[in-house]
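One-letter residues, chain by chain:
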Amino acid sequence: MILPMARVQLLGPRDLLERALAFLQEQGVLELRPAATGVTGAPALVGPCPPAPDAADRTRRAEEALRRIAALCARLPQGHGEGEGPLSEPGSEALLAQLGAMEAELDANEARRAALAEEADAIARFSRLVVALAPFGHGLDPALEPEIHGLELRSDPEAIALLGGEVRRLTGGAYELTARQIDAERTGVILVVPRAHGRAVTALLFERGVDEVKLPAACASKALVDVLLHVAARSRTIPVEQAEVEAARSKVADRIAGPLASSAVAATALLGRLSAEGTCGATRFAFVVTGYMPEERVPALRAAAAAELGERVALLARPPERSEWPQVPVVLRNRPRVRPFERLLALVPLPRYGSTDPTPWLAIFFPLFFGLVLGDVVCGAAGVVVALVLRARGTGGALGRDLSWIALACALSASAFGVLYGEALGELGAHLGMRPVLLDRRHAFMAFLGGAIAVGAVHVAIGMALGLSGALRGGHRREAIGRAAKLALLCTAGVSAATAADLLPGAALRPALLAGAGFLAVAVAAEGPMAALELVLGLGNVLSYARLMALGLASVMLAEVANLVATTLRPAAAGIAIGVLLHLVNFTLGLISPTVAALRLHYVEFFEKFYDEGGAPYRPFALAR
Amino acid sequence: MDKVLIAVSAAIAVGISAIATAWVQSRIGAAGAGALAEKPEVRGAIIVMLAIPETLVILGFVVAVLILTGG
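Protein chains in written order, with this note's numbering: chain A, 1 to 625; chain B, 626 to 696.
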């Protein structure tokens with residue numbers, strides 16, 4: 001059913017508007033509507049609520065805070081701590097200042113982290129060079145203040161000789177170059193030059209695109225021995241410092257992750273309230289918040305409003321007028337065993353408020369049609385097992401639970417029809433002693449066809465009755481008369497068909513035809529000449545249910561073919577294997593075809609008679625969770 | 626000879642309607658795939674539209690059964 005809704009108005013003095021909106025947001029039950037629409041005479045008394053003087057600034061600051069919080073959270077490792085307490089109010093400058101301080105702290109931490117990583121990398125590469133070239137020494141005069149350049153080059157003797165020539169030209173021969181293979185592709189090179197030529201050599205290496213292993217700045221102007229000692233010492237201390245930086249980073253995350261998340265929620269809520277203010281109505285001294293909510297929750301909201309906001313605020317509620325129905329949001333409420341079938345409605349737009357929720361009918365006829373088509377004890381039992389396993393495992397969350405419930409209903413229906421048809425993997429059931437209770441659809445084609453069309457006629461008639469009921473509820477008398485006439489005409493057509501099939505005495509034919517002509521005249525008088533065309537379409541709708549018989553017959557014939565292959569093909573093992581394969585194919589088709597056919601029969605043939613689509617989903621004003 | 630004519634008639638009834646359904650579904654399927662790529666929310670309408678021309682072959686099948694069974 002479609003839950004009855006109430007149009008609710010919360011009225012109070014202007015100074016309480018912000019508190020009232022915060023209260024409604026916390027309650028999360030009211031879907032807001034602009035106050036000026038849908039209330040008779042309201043535009044003359046109530047105008048749109050003017051924004052607060054600082055609303056634009058608060059909105060800007062809250063949006064900026066949200067952006068910066070998202071950026072900060074993306075930079076943080078996973079924080080688990082509760083934090084050091086809430087941040088300042090969202091939309092305030094104080095919050096932005098706090099965020100700035102956090103950003104600066106993180107910037108410093110990240111800068112230190114990057115510097116240590118860079119130094120560790122440089123030291124690792126330099127150590128690799130030193131290890132490759134050890135024992136290492138140079139014969140340059142200490143008075144020239146030798147400067148060490150570490151290089152990693154491709155193993156190319158010509159390139160190294162060329163480099164040596166260039167450096168000789170720059171330094172006048174005062175240099176020393178030591179090269180040794182690091183691995184199959186790279187050669188490590190230590191180049192020692194006087195400090196006076198150091199800059200020129202660095203420029204040369206840069207121009208030639210040589211990958212220089214830069215030493216940490218602390219090694220600049222140090223003697224080789226001191227450099228080696230420094231490298232050894234830093235190799236030990238850098239991991240410790242890196243661990244300290246990571247610990248500090250985790251500590252920061254633990255401290256600020258919680259408050260940041262809370263602040264993001266608060267900022268989102270503030271933006272929601274500021275936006276909601278625009279939908280409120282106001283007079284000079286009072287405000288009015290208008291919206292729709294489930295009628296059953298109005299007393300609880302009224303009590304909560306009285307407790308939270310006191311007597312200065314009043315809550316008015318009334319059922320929506322018929323003219324408002326197109327705007328009223330829709331909430332479906334069905335019994336727990338029927339509710340999973342609401343998923344099948346997700347493929348079509350929601351029904352409008354005030355119209356009929358077809359979910360209970362879907363819960364009856366969808367499994368019925370499925371079983372009527374598949375109708376096999378073994379396939380049904382396999383479906384039951386699959387559905388129960390999926391349900392027990394909780395596959396697919398809430399959606400999976402609902403779908404497995406639908407599958408279970410369909411599989412049970414298929415098993416029941418299997419008993420009625422006396423089928424288990426086609427005619428295999430007959431060999432095992434099963435006898436058809438209702439009909440043997442492998443041979444009684446016409447009875448099966450008649451049964452499918454009769455089920456269709458009943459389904460369409462129910463749809464027409466629901467349409468008639470909707471027209472009466474909506475107060476459309478002429479439409480209701482037309483629909484009633486068409487429904488009666490369908491019944492007389494059914495009586496005529498039953499008479500022709502010798503299910504009713506032949507004497508009933510004439511009165512049925514006369515009554516049918518009368519009902520046709522009433523329908524044309526009520527709805528115009530198009531009613532006659534609709535009757536032809538209605539007949540097509542009923543005949544469309546013949547697909548239930550066609551698909552069912554195809555299913556049982558495929559099972560028979562599988563059995564035939566299994567028993568006649570030689571060697572026997574190959575025959576059985578192909579037979580089993582065909583049964584699996586039949587089972588798979590038996591899951592898909594009846595589902596699509598049953599959905600189509602509902603969406604096209606059944607819904608066409610009464611379904612009034614276009615309802616808006618219920619989206620209450622609430623905190624983002 | 627009568628049996629042959631009956632069988633051919635039934636085959637024509639179901640065959641031509643099957644070809645018609647296949648042709649219509651190919652057009653609807655292609656257009657529906659394009660529409661789904663841009664607006665996934667219309668999947669329900671596409672399924673319904675794709676299933677509508679099935680009525681042709683179902684009615685053809687019913688006619689074929691009536692021919693075969695002499696109903």
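Hints listed in this document are in silico derivations from the structure and should not be mistaken for laboratory results. Treat the numbers as computed from the prediction; the structure is a model and nothing was measured. Every residue, glycine too, gets a C-beta built ideally from N, C-alpha and C. Certain hints may be false.
Sample of chain A residues facing chain B (criterion: CB under 8 Å; computed from the structure) [said to hold, decoys possible]: (1) R343; (2) L449; (3) R547; (4) L584; (5) T588; (6) L591; (7) I592.
Is the interface hint for R547(A) satisfied, with its Cβ closer than 8 Å to some Cβ of chain B? Nearest chain B Cβ about 4 Å off; hint holds.
Was the hint right that L591(A) lines chain B, CB cutoff 8 Å? 16 Å, violated
So, as I understand it, the hint says T588(A) touches chain B; can you test that by seeing if any CB pair is closer than 8 Å? 18 Å, violated
May I ask you to test the interface hint for L584(A) with respect to chain B, counting a Cβ-Cβ separation under 8 Å as satisfied? Violated - the Cβ of L584(A) stays beyond 8 Å from chain B, reaching only about 24 Å at its closest.
Identify whether the interface hint at L449(A) stands, where standing means a beta carbon of chain B within less than 8 Å of its own. 6 Å, holds
Report holds or violated for the interface hint on I592(A), using the least CB-CB distance to chain B and a cut-off of 8 Å. Since chain B brings no Cβ nearer than about 12 Å to I592(A), farther than 8 Å, the hint is violated.
Can R343(A) be said to touch chain B, with a Cβ gap under 8 Å? Since the shortest Cβ distance to chain B is 12 Å, the answer is violated.
Hint compliance for this structure: hints 1, 4, 5, 6 and 7 are broken, all remaining hints hold.
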